[in-house]
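Protein chains in written order, with my numbering: chain L, 1 to 401; chain H, 1001 to 1401.
Keep in mind the hints are simulated off the structure, nothing from the lab.
In this text, all values refer to a predicted model and were calculated from it rather than measured experimentally.
Hints may contain errors.
To be verified - Looking from chain L toward chain H, a few residues come up when the C-beta cut is under 8 Å (computed): (1) 209; (2) 214; (3) 309; (4) 334; (5) 339; (6) 368.
Beta carbons: idealized from backbone N, C-alpha and C, even for Gly.
2 protein chains.
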Amino acid sequence: MSQLVPPHASNELKILALKGDELKIELKKSDAMTKLVCSSREFGDLIMLGIGGFTPLEGFMGKSDWLSVCKNMALENGTFWPIPITLSTDDEELKVGQEVAIVYEKNNEVIATMLISEKYSIDKELECNEVFKTNDINHPGVALVKAQGKYNIAGAVKVLSDGGFPKQYGDLYMTPSETRSYFKEKKWSTIAAFQTRNPMHRSHEYLAKIAIEICDGVMIHSTLGELKPGDIPADVRSKSISALIENYFVDNTVLQSGYPLDMRYAGPREALLHALFRQNYGCSHLIVGRDHAGVGDYYGPFDAHNIFDEIENELVTKPLKIDWTFWCEKCAGMSSMKTCPHEQKDRLMLSGSKLRHLLSENQEVPDNFSRPEVVEILRKHYSGIKDSDKVKVELKGHSAK
Amino acid sequence: MSQLVPPHASNELKILALKGDELKIELKKSDAMTKLVCSSREFGDLIMLGIGGFTPLEGFMGKSDWLSVCKNMALENGTFWPIPITLSTDDEELKVGQEVAIVYEKNNEVIATMLISEKYSIDKELECNEVFKTNDINHPGVALVKAQGKYNIAGAVKVLSDGGFPKQYGDLYMTPSETRSYFKEKKWSTIAAFQTRNPMHRSHEYLAKIAIEICDGVMIHSTLGELKPGDIPADVRSKSISALIENYFVDNTVLQSGYPLDMRYAGPREALLHALFRQNYGCSHLIVGRDHAGVGDYYGPFDAHNIFDEIENELVTKPLKIDWTFWCEKCAGMSSMKTCPHEQKDRLMLSGSKLRHLLSENQEVPDNFSRPEVVEILRKHYSGIKDSDKVKVELKGHSAK
Chain L
1 MSQLVPPHAS NELKILALKG DELKIELKKS DAMTKLVCSS REFGDLIMLG
51 IGGFTPLEGF MGKSDWLSVC KNMALENGTF WPIPITLSTD DEELKVGQEV
101 AIVYEKNNEV IATMLISEKY SIDKELECNE VFKTNDINHP GVALVKAQGK
151 YNIAGAVKVL SDGGFPKQYG DLYMTPSETR SYFKEKKWST IAAFQTRNPM
201 HRSHEYLAKI AIEICDGVMI HSTLGELKPG DIPADVRSKS ISALIENYFV
251 DNTVLQSGYP LDMRYAGPRE ALLHALFRQN YGCSHLIVGR DHAGVGDYYG
301 PFDAHNIFDE IENELVTKPL KIDWTFWCEK CAGMSSMKTC PHEQKDRLML
351 SGSKLRHLLS ENQEVPDNFS RPEVVEILRK HYSGIKDSDK VKVELKGHSA
401 K
Chain H
1001 MSQLVPPHAS NELKILALKG DELKIELKKS DAMTKLVCSS REFGDLIMLG
1051 IGGFTPLEGF MGKSDWLSVC KNMALENGTF WPIPITLSTD DEELKVGQEV
1101 AIVYEKNNEV IATMLISEKY SIDKELECNE VFKTNDINHP GVALVKAQGK
1151 YNIAGAVKVL SDGGFPKQYG DLYMTPSETR SYFKEKKWST IAAFQTRNPM
1201 HRSHEYLAKI AIEICDGVMI HSTLGELKPG DIPADVRSKS ISALIENYFV
1251 DNTVLQSGYP LDMRYAGPRE ALLHALFRQN YGCSHLIVGR DHAGVGDYYG
1301 PFDAHNIFDE IENELVTKPL KIDWTFWCEK CAGMSSMKTC PHEQKDRLML
1351 SGSKLRHLLS ENQEVPDNFS RPEVVEILRK HYSGIKDSDK VKVELKGHSA
1401 K
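When you get a sec, could you build the whole thing from the sequences and use the hints?
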């Protein structure tokens, strides 16, 4: 029997969340600690550290790791890592050797404790240029780095919270240990992860089905992290994906689940991070489409494909590189730019804003663009949005993919 | 830039065909040698040895390699090899140390010379049970082994003929050196081979396109070896495949070519041989469908998938394991048993004999089963067959896949 892929650079998942008595004691201890408020991105990173999604990291990165990751996509010890995982503060008082309690800005909950091993300042321009390939403040990932505090603080973390994800999302939220158990129970060893933060139309179904044709199964993996205005809420998205699975997928070939991380929109570098943490979840492949994890026009459509050629064997999890997909009338089927030789006019393509328009105006959406069962759920969602809000959603929605 | 897969167990192709003066001299020498008549299967094997398709073999196998291949799928030195490559004779006079000229039974041409290093008898039942998993004389591969001479003779070969393939098939016939050059010129490094001895309908187009979605290109690789009664002749098959490529594939994503080997119908073991020699042709993947290289009911539908799990890293070339494919009306697209959850009645499936019937009776073939451009060519072929022959073709055609 074939095995699941191993966790990244480790024989086992590094789960930094405490449980039972250890958790109770640490929570009590945290009362007396200085509080450090973390952002949504840092919160998502902490929850990932807690569940082993960021194996083999033990906490937030120090300066040498930060620099090495920026410049060489590797920790100082050589372990592959494509994006800095850092925590920042403006607090001048915090000192090396001190223990802090990290609380989430949204709800003031103590998420983790950290023994500060290093406090350092960074060249934010360097980080942005290396990781995002731009310093443009209009890039949402750059904006987050630029909004960070003056100092980064590093150290091993003890995670004390599940971030509320199990309660909020129920079975949809699965940790790497849970997906690995699921795959083993199903006797799957080759699993492709399909990354999404949107409902799935036929083009996405096609991507997932290509993966199923050649793997044991597919994991449709949605971000449950921070959404942007105009995004479909997670419950509507999940319900529409369930409707697709029920009507158009074979039983026991697909798992829908969610993960707690925010998008950084780092394009190619983030595609690598997406593959890395999917390896921790037990996936042998990551579907990488056109402009994966990109935003605006910052990245070429195949940058996220090509970057995998630079790393070759650093990850066990491999990309399934697939081009833009669509229905083509002359092909009489789903195709991509790589498999359809016909003309633009033969292809059924709708932009996100065109689709939102059709849905909210109660106009017909072609079956070959989206399954009727999916359209029905989205239509209900849009009919529940007040007219005044619709406009806001339209204006605020930008072209992040 | 990624590289092509290396030849099997060797840094370079082992090309056993002589050229230029060496060829002339050996041809002259062969006049004086004892002649040994070879079968179509042995002829195909010799041509493959000549062009490096059977790298790293240097000739026909001796007894210890034969036994080790039967029992352990490896030469005595441990090199992976799934099917014996042997030459047989009834000639009592032939002796170790003697040089023989091997002539093809069909045309008496000298194909190769061989210095006999070993003469041995084999347990044919053992070979058949190990390789074909049956001793049934109705199995076409078993029948060939049973029809072999009393002795196997082994030795390094010098190949003196191209078998007439370049002349008969022109550009369609490509050697492993030629396909490797082609792939390099196109800058492809991941290539899936699609094995066929039949025209391609939509189900086969779908298999090839799944491969193109995730690889740089696909090589549609037809056997140019011995055909069976009822098979579509190579020129008609090739023309119909060209029509499909011209109308339904993107330029520079597909190469159609042919190879000189006969089918053995050894199912799973032959799937491994198919992957092995595709590695020599430079392909990183082999599409392995349901009952690949099977015949009748001798093998389970997924035996040829599962056997790849037993060898894991013996071959660099990996299988793309795909289930039975078809058009499904409810999916409104091509699907497989793994991706279509609907009922039999929603699926468009025609047997080979049903299709032959529709074509020869000039009845309509559904577009979603076969492209009209392909159907037109096949229809012309069938309309050229006399009514009396049609019956013969029907009766003789058996269920080999």
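Numbers of unmet hints, in rising order: Structure breaks no hint.
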